[in-house]
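Residue numbers (my numbering), protein chains in the order written: chain A, 1 to 363; chain B, 1 to 595; chain C, 1 to 344.
It is possible that part of the hints are untrue.
As the list claims (entries may be wrong) - Listed below are the simulated EDC-like cross-link pairs for lysine to aspartate or glutamate, each with C-alpha atoms no more than 20 Å apart in a straight line:
1) Lys270/C x Glu90/C
2) Lys56/C x Asp373/B
3) Lys503/B x Asp158/A
Claimed, not checked - Covered, in the sense of this in silico footprint (three residues per stretch, anywhere, with C-beta under 8 Å from a C-beta of chain B), are these stretches of chain C:
4) 51 to 64
5) 67 to 77
6) 218 to 228
7) 238 to 252
Please keep in mind that the hints were generated in silico from the structure rather than gathered at the bench. Just so we're clear, the structure is a prediction, and the values are computed from it rather than from any experiment. Even for Gly, the Cβ is constructed at its ideal location relative to N, Cα and C.
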Amino acid sequence: MIVATGLEKSYGEGRQRVPVLRRVSFQAEGGTIFTLLGPSGSGKTTSLRCVAGLESPDGGEIVLGATTVFSSARGINLAANRRRIGMVFQSYAIWPHMTVAGNVAFPLENRGIGAAQIRARVERALALVGLEGLAARDAPNLSGGQQQRVALARAIVDDPEVLLLDEPLSNLDARLRWQMRQELVALQKRLGLTILYVTHDQEEALALSHRVALMRDGAIVECGAPLDLFERPTQRFTAEFLGLANFLPCAAPREAAPGGTVAVDTAFGRFRARVCVSERPEVELFFRPHHVTLASADAAGEANVGAGTVADLACLGEINDVTVARGEARVRLRLHASQRPAPGAAIAFRLEADAAILFVPPR
Amino acid sequence: MSDRVDFGGVALDAVPPRRAGRGAAVSWLPFVLGAALALAAYLAAVPLFVLIASSVNASGAHLPFETGVVTLANYAAVLGDPSTYRLLGNSAVFAIGSTVLGLAIAVFFSWLIERTDIPARRFLFVAVLIPMAIPNMIYTTSWLQLLDAHTGLVQVTFQQLGVPFPALDILSLGGMIFIQGIALASHAYLLIAAAFQTVDPTWEEQSAISGKGRFATLRRVTLPVLRPALLSVVIFFLMVCIETFDVPGMVGLSAGIQVLSTRIYWATHPEGGQLPDYGVASALALILVVIAFALIQLYQAQLKRGRRYVTITARGFRPKRVALGGWRLPLLLVALALLFVMVALPLFMLVWRSLLHYYVYPSLAALGLVGLDAYRDLIDEPQVPAAVANTAIMAAATAAFTVGFSMLAAWLTVRAPIGGGWRRLLRTIVLLPQAVPSVVIGVAFMITYLRVPVPIYGTVWIIALALATKFMAYTTGSLSAAQIQVAGELEEAALIAGAGQFKTYRRIMMPLMAPALLNCTLWVVIHAIRELVIALTLYSPSAQVLSTQVWGLWQGGQIDDLCALGVMLALLLAVLLTLPSIVTQAAAVVRGARR
Amino acid sequence: MLRLTRRGMLRTLAGGVVAPVATLPRLALGETEKDVVEAARKEGKIVFWGAEEVPKIRRVAEKFAKQYPGIAFEQFRIEPGPAIQRIISEHDAGQSNVDLFDSPITYLDPILDRDLVDRYDWSGALGVTKDHVYYDGRALACFNLEIPICYNSNKVKPGDIKSWDDLLDPKWKGQVLLEARGTALAVLATKWGIDKAVDYIKRLKANDPVIMIGGSPTAEALASGRVALAIGTYTGKIDLMKRDGAPVDWLLVGPIPAMIYMMLVAKGAKHPNAARLFASWLTTQPGQAALYEALHYGFVVGSNLSPNGVKMRDAHVEVLQEATDPKEDRKLLETVAAAIGALK
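I would like the entire structure built from these sequences, with the hints used as guidance.
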């Protein structure tokens, strides 16, 4: 269990005071993977480091399990080396002058355990991450993926309850990333770890997490289950950040009330959409490119059907990325690889029900 | 993200690439910080303060503070004396001349060795650095004998060959400039070569592609790109030459020429039966400090500006070397000729003179007079082994103290979870002695510890302390740079793993900084052995070191003993200089064997 | 005791310049001397500050030890100027690290003015001949440094030069070396008068002399044949170089200027009796013999003449000692140095 409440932090003095965390609060249930997702500068890494004890917030409270490790009100600030956590850094932070075993055994050294026990636990940790037999290897002679696993082994060797991961997969190539993702999830399930995960890659966040907190400019924009955020975002930023998105400028119908549904006229056609309040002043219709199917030409004019001409076709192997134009307006569609409308041809597409959201400015 | 640059280890402005995280406060940190600040302030500030106080004291021939009168008379005397301006003029001419000469040679060799395909590069590299193993005063002695206006080896040789040689007098300001310039070239080479290595080669390649010849490229691309780095090196060595004592001291003694640094020394150690005037000496010393301080500000500003022009890629590129083609042989000959003058001649003179009782022009007949008496004398003379022992103790103590303190200071300024203001304060105090010339440090320490009841006056410890003060800035800068190279996350990972600060430092930082620590230690040891003027100001019967021995031999006219000692010192320093590469090669062998 | 002393005094007064070469008989051990020896042995050590080469002084000390065993000898090699300055600074700071030091006359007045040396009855207590006692018992002359005209034997025959004025002969143009401090001429000025000395320097300078700083470089230049004649290096140095085969020698041309090197016992010395014993022993025949053997230093005036002193006496060459008033001595030196004009 990780509970962070009202975390505040600023850098600099006087006029150069830059707030980095603005009353950030989140709660990671025990035994789940909770992800802080956001662009760089959003404060996600700072939040993680505050939980780790490597940075001290200016205000707020952090509770790990049953222990309050930080409380500005009560003047508690437990040193990083006294919080029983494991952490994997973005750069892995493997110590090059030691062997793999030396790296992994380090957290156990001050526990008063005998050398034999240490060796046993190191081997167990290495086995858990799939590095059996590499204990004697010198750390600099490891590949990137191997280093990552060593970092992981080191983080779990001491049986921590909480594991912090700071963009651990960003330095790996795509295939390895996919593999490590699976292994991480398996490991978490097996050991029952509570993981606080930080990433800027929304695909990772969606794949790994039980819950995601999307952050921007030091504050949490929206928090929830990954698919909920993806399919039914309540914030425009969430909609934009979590995947490819189409935002069609349009006119707001008078009866548009947040939470209700309206029919919206756009350049491509008329669509039914849920209404959400956005932080932007424009009125926009949002839907994701893959929520469409090709419709026959005579379906144009029906509700939830858009029509236009194919402006661009990009064949990406498994899918086709089609840009449809109508006048000055453009939308992107993702079609199955077999559907290949020719550039310049007329095209009609049907939007899935419930896929569209109308973002209106706040009153 | 690190935009730092350090030129061959001279790194004064260490900016951490990422703000050091300020984790939970560690209870003992304020004490450690306070102790470090107090110690640095004591070493750096106390002598400076004593100097200032002494300069406004009407001490005359008394010890400073003996008469409690505060007066500006010393400054009036110094500033009103026309010879002071002559001194300043001499110092300026000397500094500029030596710097220009030394840098010209250094740039030539740097370009040749780092950026061209000249053959025998490794040999040239080693040869250029040999003069670093010869203490400046030994080097000077060699040259005084090589170029003596009437009996100099060079002049007589030319005479015998019937070739006219220009009538030069080595015992002149020009002679001083010549000797200092070529002695400087080796040190300058290291800094400039480092700068050459960091220049993006694609600029030169583009110049080559656009059809410019190799010399045009050198002139119009390489040098301008290097200009900020070169400028900072120029300022650095101007600072060195303004305050250096060894060469102007030895030449000036026989030539009757004074520069600011020698004047300050002789004001406190008068030769002709006068008594020292500490007040005037302190006033002069402060003028020198002001000049050095101004130069150091210029240097730091230039360093900052220079960073824009230099690129260091993480991958470490290998620059393409300029093909010299038909110029290979001529340039090689020029390089060898320069090395002959810089290295071979002085070494030969040193060895030759050490084998004779009195100087005789080398000839087959003269060979009959050679003998090892001078070396025997040195071993018999009890002062020399005692001086060797003292030098070893002093160098070890200086190194231990300087490097030890710098490790702490580097950690505090780069990594410790303290506020930026404290960081800046500590860095400023540690850097302060950089602007204080050696002769001033020596005099300040002498005056201070004649009065302050700390019983180190007259022992090796006061010399070690004064040297530590002088070297503190360099080692802290160097170790700060090394500290930065050790990524912060490596330290943080250890903290997360449950280790305390000490254990983290001992198990993680120190092993990773080991090469830098070794280099720093050796640098301190080598420079402690070479250092003359501080030792000369502070030595005593029980605290004689090798450099004061050399000076004593010079004054006593025992040139053969001096040269013998010089040969032995040069051998010792050469061994020390090559130690790091020996150690790394041995370590590699051991590691290879283990596998 | 008193009788012995008076006898010694009478002998000295009768002796004067023409003292017999044969040794002054060792004074029978008087009570006072016995006391000093006893105290010296108890002190067991002498700390000596002097500019002489350490191995050479060590040889002298060894001979002393043969006669007075049990007294260790520690030398710190330091030039007289810095030595005096260090002694004054350390005394001002309340320290005393030296027992015995030597110095030429010029550096002495700060020491004497500040009363850093005690008066001692050298003759009474230790039987030193009065002609070597100076400044009311505060200093003991221990040897002279003679500065005769020196020559390179490849270029000059002894008969070529018969007087100082011969050096002004145009045939020696550019072949004469004058040491920049001009100590020899300052001593000559005590007889000639300072004006004549300055005039001599002017005329010498018209003869294009080579001017150098330092006695040793002077000797080296002479040995290498760069010049034919030199003023400013010492007989001791020339003798030693000659022994090593260099073509140098010195002329028995009067007057021969001679500096006087004094031995002083520092006030507050930790081993004063040992120091005094050594100093007084140096003035005796065995002491002088040891000095001469090691360094070719010795007296050329007064009792216990060195072989060089004997040579000078037998050749009836006049020997001039420098002015014994330090202030006057220094004034002469400064005037001479200024006339030469090479020291800035």
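Verification of the hints:
With a CA separation close to 14 Å, the supplied pair lysine 270/C and glutamate 90/C stays within the 20 Å bound. Restraint check: the Cα-Cα separation between lysine 56/C and aspartate 373/B comes to about 14 Å, which is no more than 20 Å; the hinted pair holds. Distance restraint check for lysine 503/B and aspartate 158/A: the Cα-Cα separation of roughly 18 Å lies within the 20 Å cut-off, and the hinted pair is therefore satisfied. Coverage of a stretch by a chain is defined here by at least three residues with a beta carbon nearer than 8 Å to that chain's beta carbons; for the region 51 to 64 of chain C and chain B the count is 5, and the condition holds.
Given as covered by chain B, the region 67 to 77 of chain C passes the check, having 3 residues with a CB less than 8 Å from a CB of that chain where 3 are the minimum. With 7 residues having a beta carbon nearer than 8 Å to a beta carbon of chain B, the region 218 to 228 of chain C meets the requirement of three or more and the stated coverage holds. Proximity of the region 238 to 252 of chain C to chain B, defined as three or more residues with a beta carbon under 8 Å from a beta carbon of that chain, is established by the 4 residues found.
The earlier numbered hints are all upheld by this structure, with none contradicted.
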